[in-house]
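A.B. asks: Sequence:
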Amino acid sequence: MIYLKLFWAFFISNILGYGGGPPSIPLIQNEVVNHYHWMTVKEFGEVLAVANALPSPIATKLGGYVGYQVAGVPGAIVALFATIAPTAVAMIALLKFMNLFRNAPQVKAMTQSVRPIVTVLLGIMTYEFFMGALEGIGWMQTCLLVIASFLLLEKWKVHPAVVIAASMGYGFFFIR
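Residue numbering for the sequence shown follows the numbering used here, starting at 1 and increasing by one per position.
In silico lysine-lysine, DSBU-like type, Cα no more than 35 Å apart, as pairs:
no., residue 1, residue 2
1, K155, K108
2, K96, K5
3, K108, K157
4, K157, K42
5, K108, K96
6, K5, K108
7, K5, K42
8, K155, K42
Here are the simulated distance ranges between beta carbons:
no., residue 1, residue 2, range
9, M110, F81, 24 to 30 Å
10, A93, E46, 35 to 41 Å
11, F173, E135, 19 to 25 Å
12, A49, I15, 24 to 30 Å
13, V158, M131, 22 to 28 Å
14, Y127, H159, 21 to 27 Å
Please keep in mind that the hints were generated in silico from the structure rather than gathered at the bench.
Computed from a prediction, not measured in an experiment: that's the story for all the values here.
For glycine and all other residues, C-beta sits at the position ideal for the given N, C-alpha and C.
Model the full structure from these sequences, guided by the hints.
C.D. replies: The following block contains the structure:
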């Protein structure tokens, strides 16, 4: 039964996550944290931070990790298959229609209408992670990391992987 739950959680998240990884992340979080309770918000945030620092699509990394944590290697395989299946099925089934309707105004309008929804979903997820950080490490540490990350990313244009690695190092040495 756990394999069916894993498959369903990642299949639904990725079939509804129109537009790639960022729209899928809040949907995966909802399934993993809120629906099945396989992880807490804090744990999901930590996995997401590490997954963002590694190469390859974010949804497959999340699927592999969560699947492995929940049901070992078979769980990882099921979650990865469920993550990849919607795209594979859609590509095969819709390849001919894609070329016919790619410039249609309705398709462009649909794509534009999804952006605000993704922005809201990512904003909610950010708020939940921020509140979890406040509970876990307090205001001072959280504000220090937020300000330092903002400056490194926006002012000095440091690569996000370096900022994530530096934040992990800071947490290892200074937050206990």
